[in-house]
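Chemist: As given, the protein sequences belong to chains A and B, one line each in that order. Everything in the first sequence is counted per the numbering used here, starting at 1 for the first residue and increasing by one. Everything in the second sequence is counted per the numbering used here, starting at 1 for the first residue and increasing by one.
Note that these hints are calculated values from the structure, not bench results. Only a predicted model underlies this, so the values are computations on that prediction, with no experimental measurement involved. A hint or two may mislead.
As the list claims (entries may be wrong) - So the derived label-pair ranges between C-beta atoms look like this:
1) B:Thr39 - A:Asn36: 51 to 61 Å
2) A:Glu218 - B:Leu20: 56 to 66 Å
3) A:Glu82 - B:Leu20: 23 to 33 Å
Where a beta carbon is used, it is the ideal one built from N, C-alpha and C, also for glycine.
Residue-level listing of the chains:
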Amino acid sequence: MIQAEGLSKRFGELKAVDRVSFDVRAGEIYGLLGPNGAGKTTILSMIAGLLAPDEGRVTIDGIDLARDPIAVKARLGVVPQEVALYDELSARENLRFWGGLYGLRGARLAKAVDDSLERVGLAPRANDRVRTYSGGMKRRLNLSLGLIHEPRALLLDEPTVGIDPQARAAILDLVRAIAAAGTAVLYTTHYLDEAETLCHRIGILDHGRRLAEGTLDELKQLHGEGELITVRGAFDAAAARGWVAGDATIEVVGAETGTLVLAAKDGAAARILAKLLDGDRPIDGVSIRPPSLNGLFLKLTGRELRD
Amino acid sequence: MGLLAGMVRKDLLRHARSPLGPALVLAFPLIFAGLIALTFGGSSGTPKVRLLVENRDDGLASQLALAALRDARMTAYFDVEEVGVDLGLARIERDEASALLRIPNGFTDAILAREPVTLELVRNPSERILPEIAEQVMAVGVEVLDAGARVLGPGLDGLRGAIEGDGWPTPGTVAAIATAVQSSAQAASTLVFPPVIALEVVAAAGNEPEEQGSTFSIVFLTMLPGVAVWALFMVGDTGMRDILTEATAGTLRRQLAAPLGVREIVAGKALAMAALALISLTILAGIGAFAARRPVDAGAFLALSAALVLAVTGFSAVVYGLARTERQGSTLASIVLLVFAFLGGAFVPLDSLPASLRIVSRLTPIAWGTMGYQSLLEDGAGLSGVLPSVLVLAGFGASFLVVGMWLLGRKAARGVVA
Numbered sequence: 001m002i003q004a005e006g007l008s009k010r011f012g013e014l015k016a017v018d019r020v021s022f023d024v025r026a027g028e029i030y031g032l033l034g035p036n037g038a039g040k041t042t043i044l045s046m047i048a049g050l051l052a053p054d055e056g057r058v059t060i061d062g063i064d065l066a067r068d069p070i071a072v073k074a075r076l077g078v079v080p081q082e083v084a085l086y087d088e089l090s091a092r093e094n095l096r097f098w099g100g101l102y103g104l105r106g107a108r109l110a111k112a113v114d115d116s117l118e119r120v121g122l123a124p125r126a127n128d129r130v131r132t133y134s135g136g137m138k139r140r141l142n143l144s145l146g147l148i149h150e151p152r153a154l155l156l157d158e159p160t161v162g163i164d165p166q167a168r169a170a171i172l173d174l175v176r177a178i179a180a181a182g183t184a185v186l187y188t189t190h191y192l193d194e195a196e197t198l199c200h201r202i203g204i205l206d207h208g209r210r211l212a213e214g215t216l217d218e219l220k221q222l223h224g225e226g227e228l229i230t231v232r233g234a235f236d237a238a239a240a241r242g243w244v245a246g247d248a249t250i251e252v253v254g255a256e257t258g259t260l261v262l263a264a265k266d267g268a269a270a271r272i273l274a275k276l277l278d279g280d281r282p283i284d285g286v287s288i289r290p291p292s293l294n295g296l297f298l299k300l301t302g303r304e305l306r307d
Numbered sequence: 001m002g003l004l005a006g007m008v009r010k011d012l013l014r015h016a017r018s019p020l021g022p023a024l025v026l027a028f029p030l031i032f033a034g035l036i037a038l039t040f041g042g043s044s045g046t047p048k049v050r051l052l053v054e055n056r057d058d059g060l061a062s063q064l065a066l067a068a069l070r071d072a073r074m075t076a077y078f079d080v081e082e083v084g085v086d087l088g089l090a091r092i093e094r095d096e097a098s099a100l101l102r103i104p105n106g107f108t109d110a111i112l113a114r115e116p117v118t119l120e121l122v123r124n125p126s127e128r129i130l131p132e133i134a135e136q137v138m139a140v141g142v143e144v145l146d147a148g149a150r151v152l153g154p155g156l157d158g159l160r161g162a163i164e165g166d167g168w169p170t171p172g173t174v175a176a177i178a179t180a181v182q183s184s185a186q187a188a189s190t191l192v193f194p195p196v197i198a199l200e201v202v203a204a205a206g207n208e209p210e211e212q213g214s215t216f217s218i219v220f221l222t223m224l225p226g227v228a229v230w231a232l233f234m235v236g237d238t239g240m241r242d243i244l245t246e247a248t249a250g251t252l253r254r255q256l257a258a259p260l261g262v263r264e265i266v267a268g269k270a271l272a273m274a275a276l277a278l279i280s281l282t283i284l285a286g287i288g289a290f291a292a293r294r295p296v297d298a299g300a301f302l303a304l305s306a307a308l309v310l311a312v313t314g315f316s317a318v319v320y321g322l323a324r325t326e327r328q329g330s331t332l333a334s335i336v337l338l339v340f341a342f343l344g345g346a347f348v349p350l351d352s353l354p355a356s357l358r359i360v361s362r363l364t365p366i367a368w369g370t371m372g373y374q375s376l377l378e379d380g381a382g383l384s385g386v387l388p389s390v391l392v393l394a395g396f397g398a399s400f401l402v403v404g405m406w407l408l409g410r411k412a413a414r415g416v417v418a
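Start from the sequences and build out the full structure, keeping to the hints where you can.
Modeler: This is the structure we're talking about:
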């Protein structure tokens, strides 16, 4: 349904997106996972027709965005990261306006507005001005504006940023329901748990490049994910690499002054740990974490997702 | 069409629910014109000369002169107050009167004796026009007194004897004085009656005398069109600035993701702004027509308003097509509009500008708008009367709009505002 092929975008000297390709099937939730600045929003902007890619192409439902942007936009629902609503208007008036932009008129528009209000649980406050809403209510309305025309594909840019757990859970349930109804959902997030629990497939992004793609299980299997050992102390990178050189059960994921990150295979973590601590090495602390998406991200990028 | 109507409806609803900005801009011309009218117009019609009189004579001639100043025809222009000796100057210094007339001791005697005598008029230096009127009127009065004293010479001699004598004058003395006055009058009648020259005041051809409103309403109506036209440009600025407000709020970006072109989005914003301007204009024109107390030619008003709204829309589109941020746009619009306002007669009547500036003022849309609405409100002009303003404003508007839409469209397409 959504196909991105070799998308690239440069802002001056900065290459924000570098030859990124993926596709999202109908009924699937595809997560773009990456830290702030990884290029997630730029990719969404190119797919939504808000930014022209320097290279690559986007097709939605088989229609090339560059050739027929209006037809593509009519099939897309876009939910921006910021709450983009008219505070002076009510939820109903907001929905009527945005529905009108997507060509809904008369009874069809009225029904779509009522259905949207019911779907996001805002019917009782439908006629109140948006400025009186809580943050969670605004987020739900923000989401419903992108759905009022029942799009074939939905772009969600970090829709749960800054809201309480209850509202977040409600939005995630809604996204699952939308996908279950056959909509292709492209979902960007930097929350690992959202990517793990919500997305059918995940693309990991960093510095504008797609580092890996697959289901959570595929990603772990593909990259031989094991336990990650992080060692901290007063050492330099070259010396630290030398401590584990020649050991086939261990892979150096990252090494810099004061920090060494290792990936241990096949339960080798305990043995490696014993080896490191046996001797007079300047080590101040060691941590071990089980296989996880964060661990995978750390392994792929050499840094924590929250960095 | 439904799409654009929806965009206009949305923006008008938003302005209606946050009306402070447009309301303040709309209130400004009314407050400004009202304050100017209160300052320079007042509400009591033609201003009067406040004349103090120090009468040191207390004789017949001075009493007659005071009675003449208090005549009903004179009280329309003069407020005369008799003050004690040597008190008048202090009142003038306190700015309580326009002029002080000093009638010297022995004034009546001098008149009766046909001897030279001097009346002293002290002008208030802080006023210019009213003391001048007092001086001119006093000069005419002195001429009349002098001529009267000369004509009635023999009669005055008898009158003097009667006044200075003891007791009541005898019937014979009164008859002698009356005879002398009659003889003098008869002798002068060939010179004085009937008047050879008369003055008749008529209106210029084609201009029927009209009922004048109060000075307040005259000044208010003089100032209102210019300030209102300027304010309308400010309303336009508020309306078009909204495109950058929406860019900041993220709603413009969201609209650009919808299946419509950049031109439609910009056109929708321009139409909403035009509708807001038209509503504002109708309110201001309604108040102007009420103050003028005369109906306004509907066709002329609609044509002029449509042309002005086009100019306002085009101007705002150019400003916000050039500006990158709300602050930049608002600063640019304020500076340009302030210059336009001064040159265009919004704050200073066009007739008061130097000739060289009056030529430059024709290059501003505010001048043409001001002239058009002045013709409409003050002169009751019809469509033909405002046609030059309509054509020039429409020309300004069309040119501005083409450039502005191109700039805004290019900006939105490049994602600068998205």
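Chemist: Return the numbers of the hints above that this structure violates; sort them in rising order.
Modeler: No hint contradicted; all consistent.
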